Amino acid sequence: MAEVVLKNLSKSFGENVGVDDISMTIPDGAFVVLLGPTGAGKTTTLRLISGLEKGDSGEIWIGGRNVASETPAQRDVAMVFQQYSLYPHLSVRDNLAFPLKSPILRTPPAEIERKVAEVADVLQITHKLDNKATALSGGEMQRVSIGRALVREPSIYLMDEPLSSLDAKLRTDLRVELKRIQANLGATLLYVTHDQIEAMTMATHVGVLNEGKLVQFGSPREIYENPNSLYVAGRLGLPRINILPADVFGNVPSGTHQIAMRPEHIAQGDGLEADIQRVEHLGDHNRLHLNLRGHAITTIADPATDYRPGTQIKISPRSPLCFDVDGNRIR
Amino acid sequence: MSSFSVTEPSNRAKWFAGTLVIVYALVTMVPLAWIMLTGFKSPSDAISYPPKVLFEPTLEGYVNLFTTRTRQTPEFLDANPPQTWYEEIVREYDMVIAGPSKFGERFLNSVIIGFGSTFLSIFLGTLSAYAFSRFKIPFADDLLFFILSTRMMPPIAVAIPIFLMYRQLGLSDTHLGMILLYTGVNISLAVWLLKGFIDEIPLEYEEAALIDGYTRFQAFYKVVLPQAATGIASTAIFCLIFAWNEYAFAVLLTSGTAQTAPPFIPTIIGVGGLDWPAVAAGATIFLLPVMIFTILLRKHLLRGITFGAVRK
Numbered sequence: 001m002a003e004v005v006l007k008n009l010s011k012s013f014g015e016n017v018g019v020d021d022i023s024m025t026i027p028d029g030a031f032v033v034l035l036g037p038t039g040a041g042k043t044t045t046l047r048l049i050s051g052l053e054k055g056d057s058g059e060i061w062i063g064g065r066n067v068a069s070e071t072p073a074q075r076d077v078a079m080v081f082q083q084y085s086l087y088p089h090l091s092v093r094d095n096l097a098f099p100l101k102s103p104i105l106r107t108p109p110a111e112i113e114r115k116v117a118e119v120a121d122v123l124q125i126t127h128k129l130d131n132k133a134t135a136l137s138g139g140e141m142q143r144v145s146i147g148r149a150l151v152r153e154p155s156i157y158l159m160d161e162p163l164s165s166l167d168a169k170l171r172t173d174l175r176v177e178l179k180r181i182q183a184n185l186g187a188t189l190l191y192v193t194h195d196q197i198e199a200m201t202m203a204t205h206v207g208v209l210n211e212g213k214l215v216q217f218g219s220p221r222e223i224y225e226n227p228n229s230l231y232v233a234g235r236l237g238l239p240r241i242n243i244l245p246a247d248v249f250g251n252v253p254s255g256t257h258q259i260a261m262r263p264e265h266i267a268q269g270d271g272l273e274a275d276i277q278r279v280e281h282l283g284d285h286n287r288l289h290l291n292l293r294g295h296a297i298t299t300i301a302d303p304a305t306d307y308r309p310g311t312q313i314k315i316s317p318r319s320p321l322c323f324d325v326d327g328n329r330i331r
Numbered sequence: 332m333s334s335f336s337v338t339e340p341s342n343r344a345k346w347f348a349g350t351l352v353i354v355y356a357l358v359t360m361v362p363l364a365w366i367m368l369t370g371f372k373s374p375s376d377a378i379s380y381p382p383k384v385l386f387e388p389t390l391e392g393y394v395n396l397f398t399t400r401t402r403q404t405p406e407f408l409d410a411n412p413p414q415t416w417y418e419e420i421v422r423e424y425d426m427v428i429a430g431p432s433k434f435g436e437r438f439l440n441s442v443i444i445g446f447g448s449t450f451l452s453i454f455l456g457t458l459s460a461y462a463f464s465r466f467k468i469p470f471a472d473d474l475l476f477f478i479l480s481t482r483m484m485p486p487i488a489v490a491i492p493i494f495l496m497y498r499q500l501g502l503s504d505t506h507l508g509m510i511l512l513y514t515g516v517n518i519s520l521a522v523w524l525l526k527g528f529i530d531e532i533p534l535e536y537e538e539a540a541l542i543d544g545y546t547r548f549q550a551f552y553k554v555v556l557p558q559a560a561t562g563i564a565s566t567a568i569f570c571l572i573f574a575w576n577e578y579a580f581a582v583l584l585t586s587g588t589a590q591t592a593p594p595f596i597p598t599i600i601g602v603g604g605l606d607w608p609a610v611a612a613g614a615t616i617f618l619l620p621v622m623i624f625t626i627l628l629r630k631h632l633l634r635g636i637t638f639g640a641v642r643k
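Taken in order, these protein sequences are the chains called A and B. Take the first sequence: its position 299, counting from 1, is numbered 299 in our numbering, and each next residue is one higher. Just add 331 to wherever you are in the second sequence, counting from 1, and you've got our numbering.
These are calculated hints, taken from the structure and not from any lab test. You can take every hint at face value.
What the simulated footprint calls covered on chain A by chain B, stretch by stretch (three residues with Cβ under 8 Å from a Cβ of chain B suffice, anywhere in the stretch; the number is not a length):
no.	segment
1	74-84
2	87-101
For each label pair, taking beta carbons as the anchor points, the in silico distance ranges come out as:
no.	chain 1	residue 1	chain 2	residue 2	range
3	A	ASN184	B	ILE626	51 to 59 Å
4	B	LEU632	A	GLY283	52 to 60 Å
5	B	ALA471	A	ASP94	31 to 39 Å
6	A	THR201	B	ALA348	58 to 66 Å
7	B	LYS467	A	LEU185	35 to 43 Å
8	A	THR201	B	ALA462	42 to 50 Å
It should be emphasised that the depicted structure is a prediction, and the values quoted were computed from it without experimental measurement. Think of the CB as a built atom: it goes at the ideal place given N, C-alpha and C, for glycine as much as any other residue.
Only chain A is shown next, with the shape it has when bound in the complex:
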């Protein structure tokens, strides 16, 4: 396991910017989640670190080595591809053993067998070990591809949406399992996801990317509670953060163009009147969809409350986040 440092890393594909001047330190043993929409540069960042792409400029340091001249094999990274990329001509067992048999690792056969069995057990694919890789369901393929990374103990694990095509229960199980493995091994992990729960529960650090730029890097809590731009505020949070023009409630610092409030940051019983349009009873809380002077707002209420659609409720913001015309935070 090792620390990975990116220094002013840039990469473009012709006209398209892949990654734009990213600097980031992934501490040894950290679980870093990259967030961002499609095309933000998440996958390109992983590919640059793995050595599958060569950067246009900038440096990558893995465990204190500048890896510019190293091949993917020499960099000692493991990667889980979004498209699984299982070797179709091999069985599940041979797929899992493939990295261990590489000329770089040269693992003894008994050790290979032990590790494959161990990983297969964790990922619940023991009964499929002798299947062809092509004779698996999508979720099983994804587990095998995670397993192919986990059999190794590389400097860093790179994972590109590894849980995206699993069903809800398995995803929860594996999320917990991955976090446990990472914590036990002290592994360094760089993880791409769209899933807020994965980001919030697993990450020690979250990096938010926008059009190839790293716009904020910090703990999940910091990103959630203290975003430095409207863009970052919108990346985390479900239901999404509510964004309103600054003049709706007034009482904001000068220069404020818009304010943003998390659903849980709206006080009820005081302030402006809003129409209740829909109420969702989610068990542990109720979700209210409101209309405030033409603006849609989502907030949450105690499960004991009994709001009805068509009635009205008074709301006011609780310490809203303020942003200027460019979407930058005003503190």
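Given chain A's structure and the hints, the job is docking chain B onto it.
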């Protein structure tokens, strides 16, 4: 009520297609069957008219194919009774076996040259196809067109220059010369066919192998090659069929050491009358290797092994 499906062909269509295939198979099989039968006929049965479908089989054709024979005086024949079953067969014509014919050698030449050039075509073709498929090569399209253009004229058009060139280089009537020649003709086919197959193999497999600790060549060897097996097998069959059957260059460039079976078989006709059963026997044996090779590789031809393990 008859079932109706958009994708499933109707029964009538199936019957029609089936009949067509069977008729076509019969038309192509009859000459082959005729040759194989003729190999087991006696010379008189072979040329009888109307042709005999039922006849007493004999191995005379095969014996004549593999041996040279001389006529002997009755005294000699009486003094030396036949020792083996094949000596008995030739004794009917008052002949004795003088020694083996050249057919064995010529057949072996065909095997060496046919399989040698097929191996070389596939070896070079796979490597170049991989390079064209995966690397940025300057003028790649022009190079590929140039490679293809070598097929745009009948190879025999350059027979005279090649004949002169080979004489100068000392490649006439050598195994190496024939292997190089057939490889030269086959390589364009091999590169184009194999490039198509390798293009179909997603790049992600090699990337995964690179990260799993393998070098580029090892990734090629362990991941790309097994998946290209289908393409390699079918390309190999095409290459072998060409090199195996080639006649014109073989006549022109070989006469002794490196002569292949195709120019040799007709020469049987000139030895002691029109020995059609021996010619038919030679043709039958000559057909076998390609048939066996194709049957052995059939498994790869029919199997699509690259489906499904990459999410698209």
